[in-house]
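**Student:** Given the coordinates of chain H, assemble chain D onto it according to the supplied hints.
Number of protein chains: 2
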Amino acid sequence: MDFFFNPRGIAVIGATPSKTKGGYAILKNLMTGFTGKIYPVNPRYKEIEGLTCYDSVRRVPDPADLAIVFIPAAMVPQAILECVEREIPGVIIESGGFAETGEEGLVLQESLKQIAEETGIRLWGPNCMGLVDTVRKHVFSFAAQSIWNENFVPGKVSLIVQSGMLSGVFLIDAMTHGTLNISKVCSIGNKVDVDECDILEYLMNDPETAVIGLYLESVVNGRRFMQICRSSQKPVVLLRGGKSEKGAKAAMSHTASLAGNNAVISGAMAQAGVLEASDFRQMMDICRALSMFPPRQSDTPSPLWGEGRGEGTKGRIAVLTYSGGAGIVSSDFIDASGLELSELSPETLSAMKTVFPDWMPVSNPVDLWPAVELNGAKKAYETAVNAVCADADVDAVFLHIFVGGFDLSLEVASVAKMAKDAGKPIFCFLLGEREEAYQFHKHAQEMGIAVFRELNRSVECIKAVFEQKKLLERRKFAVSAVAGVLLPEKWIEAMKGKKGSLDEHLSKRILSACKIPVVEEKVAATVEDAMSLASAFGFPVVMKGLSPGKMHKTELGLVRLGISSDDAVKTNFESLKAAMPESGRILIQKQIQGDLELIVGLIRDPQFGPCVMCGLGGVLTEILDDAVFGVAPLSRAEALDMIGRLKTQKLLNGFRGAAPVDREMLAQILMCVGDLGCICPQIKEIDINPLIISKGKPTAVDALVILNG
Amino acid sequence: MDFFFNPRGIAVIGATPSKTKGGYAILKNLMTGFTGKIYPVNPRYKEIEGLTCYDSVRRVPDPADLAIVFIPAAMVPQAILECVEREIPGVIIESGGFAETGEEGLVLQESLKQIAEETGIRLWGPNCMGLVDTVRKHVFSFAAQSIWNENFVPGKVSLIVQSGMLSGVFLIDAMTHGTLNISKVCSIGNKVDVDECDILEYLMNDPETAVIGLYLESVVNGRRFMQICRSSQKPVVLLRGGKSEKGAKAAMSHTASLAGNNAVISGAMAQAGVLEASDFRQMMDICRALSMFPPRQSDTPSPLWGEGRGEGTKGRIAVLTYSGGAGIVSSDFIDASGLELSELSPETLSAMKTVFPDWMPVSNPVDLWPAVELNGAKKAYETAVNAVCADADVDAVFLHIFVGGFDLSLEVASVAKMAKDAGKPIFCFLLGEREEAYQFHKHAQEMGIAVFRELNRSVECIKAVFEQKKLLERRKFAVSAVAGVLLPEKWIEAMKGKKGSLDEHLSKRILSACKIPVVEEKVAATVEDAMSLASAFGFPVVMKGLSPGKMHKTELGLVRLGISSDDAVKTNFESLKAAMPESGRILIQKQIQGDLELIVGLIRDPQFGPCVMCGLGGVLTEILDDAVFGVAPLSRAEALDMIGRLKTQKLLNGFRGAAPVDREMLAQILMCVGDLGCICPQIKEIDINPLIISKGKPTAVDALVILNG
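Protein chains in written order, with this note's numbering: chain H, 587 to 1295; chain D, 587 to 1295.
For reference, chain H alone in the conformation it holds in the complex (with noise of 0.2 angstroms):
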């Protein structure tokens, strides 16, 4: 991919010297900042803007090692073949007109297609801005000249973005506000061939990218995405869009996406320590945090997050204002947030105290205000840094900064030193007059102080910073092959031939072949065997008619619950018998009383393959509408950890006198499962449900293996 990036020489298929082009824009970005070969390409002209211009890109003299397509979509892949025999590598198509905009388009689009297929040419597009590289000053791209008027300050971050315009918007406003730094913006539109994963596979192997965000549309192969993010440990932020079903629909018809399962990819994302962004500005802000304070490896010591002290992991903050009121709602947004006030040491309190009158009992938030009053605000400020800094209670620094008025001047460089000396991360609540706001902004970014303008956005970054460890942690969990259940050869011959929903009986005959455990029951031949059984179970017993090709048995009348005497079991026999064809048979099961119901599933997502379910079961599952994905196969940390995601864990955790649910248990179960989706692909779906949790214990009650076909 590196031709894309670094090319030696680049040739412009559709340069102009219109200056209201797309392909005269390109051009004048390329001679502002490319140090390498450009070679305008256009039958039109001899020369544009001093520079030689070509009539093909044939005729294109080395090095040349890509192109910037811009023309109109009919005459690309013809443009392309011509790249192809000149041996280009790779083409950034920039024009629209393709999959957006219907089926002729489609049929374009599917051209590009095959030749990068049967060729080995690698496609970037098209319908997008190609690419911006602050730090090499690239800019392959039809942005509008105005990005030049600012002076790139290279960054940390690079962005992926599904959506040309948005590129080049967030570049400009994120360069102009001072806001966010970048390395690389790389729009991929409709993903022809380059995708995501392609680019994101060479941002995190690229030296000048920290934090990688992206906002996607869609996820095309999410599986080697996820597999890219656990091949390294820098944070990836994502911005999903068409989250909602008018949104999905919305994606669609602009880079015709599909938008897939948002529970399966929030899932996915989880375990692949993504970090989901919800809005544009808010997923820039993240990655600013990230790049600014990045969690620390074991393996590689950084200078931030402090040896021996604070350690930076459990997100105690210390809040130090000049405003009570924005102290108190600080507080309120800190535990919304999950992460803590700190409890300030004696020592800490003491050393604070001596700049506060005596009147003022100081605690966290710390109001700082009579401090400045009486002894100025660069004294006040940095005794308070200072005293927190040295607080092994204290993980992270929040400083609430007024600027234009009042005396609050601080030296930003002495407070930010002290807390890069204690290796704890410094956010700062900016509010104040517009001009100075901004410089104080812009310096204190410098200086490594993450500055935001809202208390809430500023506590969704804190909080993403202290999050990140846990989520890169998460991509160690991952196993790569299956967890090492092996489904005896008996069952595979058992289930060749078959198509659709097995019966229930032997679907949990295979499930626990794989170490599930299923609910005591057997096929009752006869009433004597039926009462047979059900004496051995002990009363109440369930007995249910397996009626083949029926999976509602409870809408047909086939499962009669606590059946408590010999008699009843007769009559049921009986009557579920008269229920059923011949083939019908009759299973007996022991009834489970339990505490909880879960439900237990297997499901194939077209984007990321067999994917395990689990969720609360009985009455809740319509109310709390809480279940999570993950993909298989799971390692056992991977499976507690999406226990660990389901938003009612106060159930799980022994509700009302019940035992707590045993996680270990209910790990294994999901990790099975996965594992029979990864090793068995004649198994579409499974369903276990009800999953019972009786004193802790999961068992399987029913359940339905579903094949292909």
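None of these hints come from the bench; they were simulated from the model. Be aware that a few hints might be false.
Put simply, identical chains are the same to the list, so a pair is met inside one copy or across any two.
Unchecked claim - Okay, derived cross-link-like pairs now, BS3-like style, lysine-lysine, Cα gap no bigger than 25 angstroms in a straight line:
#1 607 - 939
#2 1270 - 939
#3 900 - 835
#4 742 - 832
#5 1233 - 939
#6 900 - 832
#7 623 - 964
#8 965 - 605
#9 1163 - 1136
#10 832 - 939
#11 607 - 964
#12 1270 - 632
#13 1108 - 1139
#14 965 - 607
#15 835 - 939
#16 605 - 964
**Tutor:** Here is chain D on its own, set in the frame of chain H:
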């Protein structure tokens, strides 16, 4: 209160020529903007800044109807007494050092309170920043002089802020960022006398104020606050600090405020048509949106909110964007907020098609980029805005704008006029180059377009505008007197002399006397009595032991469910008798099989008085944590509205084949409980748990009426 806002002459007690002191800043601020008389008071000077300085406020000449005090706390009471002597009606005390500093300060503050109560002088503060009125250029505050650097652009939003620093900070930040034009900012501090209610009442009648935003750490007089809100149709937006436990603790040490019961306040605010915000700038953004698009009053037609078409109440939004991605994420936010994407009519679509390339399928969200490329931004945007403004199924226009490149400039004034003429509010999500974005922001705001820098914030504000009408509608629901429940004298007699919890049976007879449906039940004196009652009710029945003074029957083993035979009645009668002292009685009830359990109650809140609670009961109580409060008495509409605020509407609407809850009956019960709280001050608490819903009808199955003492 007018002397606070519009005095003829002001004494500045604590005026000083020392330029770094607050007493100087107050004086300078008055001299810069105030056109009335200014009298510095300080025994150490004869003259300050060319003004005669008086040694005591007693010697200040006429007219003098306001004093601003900025002297050490210990000296304040004496100064106030001198103001009383001089017959100055109002004083703003900006000094700190009172209740917020501990015991000693609290005593000082109490002495001020006493002076106010005894003499009638109105005291504003202490520990506050006073007030700013941008219309009259009144800065009655020690705010820094830099406040004058920007010209005040008067707006229609007034703020009440229980935090000194924030009031100044908000003003300067908002003014200089062009994000909000403010009318008045009032900093109320410790509220020794003048509180948020006094100021709210004033602002409700202030022609310069259209919307009121509050930051509060406590609502001192909840009922008065509600009553004032109900007296007007001006929108009120409230941000409360101290909603979390830690936040409440911080509020206590900040302005000595008791944050109060969060759920009660939330309910009361919803009931009074107050919109709650969660963050500072969000609160101000919502205020701005509401001041630009005030809800149409049925009696006072507004130029906005077009007549006949659109109607502006449903919140159907047309999204016009330059970026497919931003359109998609907008759709996601719109969906999550409960607003809707408009279904654009065929006429609207054809009108828009005229500026789009043929291949482009136009739908909402409308990605204008292809139209911009073809026809330029001006024509593309104007055609689109014109089309959606003419569409009866569009209630608001959500425009995405980028400035600073990409030839996206449009004629703001003409677009704004289209929306205004059509009576549709218009919102803008703006990204772009910093300086251009700022200029655009200010200009667009002046033209009547509400501009925001984040998608989510834009949608929050659109939502607030559409929700506002419904919220204000609620103010009209309120009943000032009890709805009509009368408790017959015999029951009032029955409560006489009693203290604490009445027994279950008596409690339910009282509720029943107030037309609350209770379960069929009777006290059985003998076993025979019990058996005949049981057979009259029909098996199964419930038997309970009523042991005087014992509230927790279940824990004492005094509740027996599912009694299904005469034998069981007999056994249980005997064992219940044996488990209780002589005076114990035995209650027999019909056993009701319900679809759903609710809890209904009455509490007395220190800030809001008698409040009615309604929540999910049974096992769901703790899992769903779903309870709502309303301040009694409740009108029918208010009670229905309360029920509508329960999160778990799904359960109420007839879950899994159950009949939907009879909301009218449930509302009637809530009203009755509230009335009881109002007419019987001797009742401290009522607890109906469970209120069982069977076939949609509620019945009180267990209940306690708890008396004072």
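**Student:** Okay, which hints does this one fail, numbers in order?
**Tutor:** 2, 4, 5, 7 and 12
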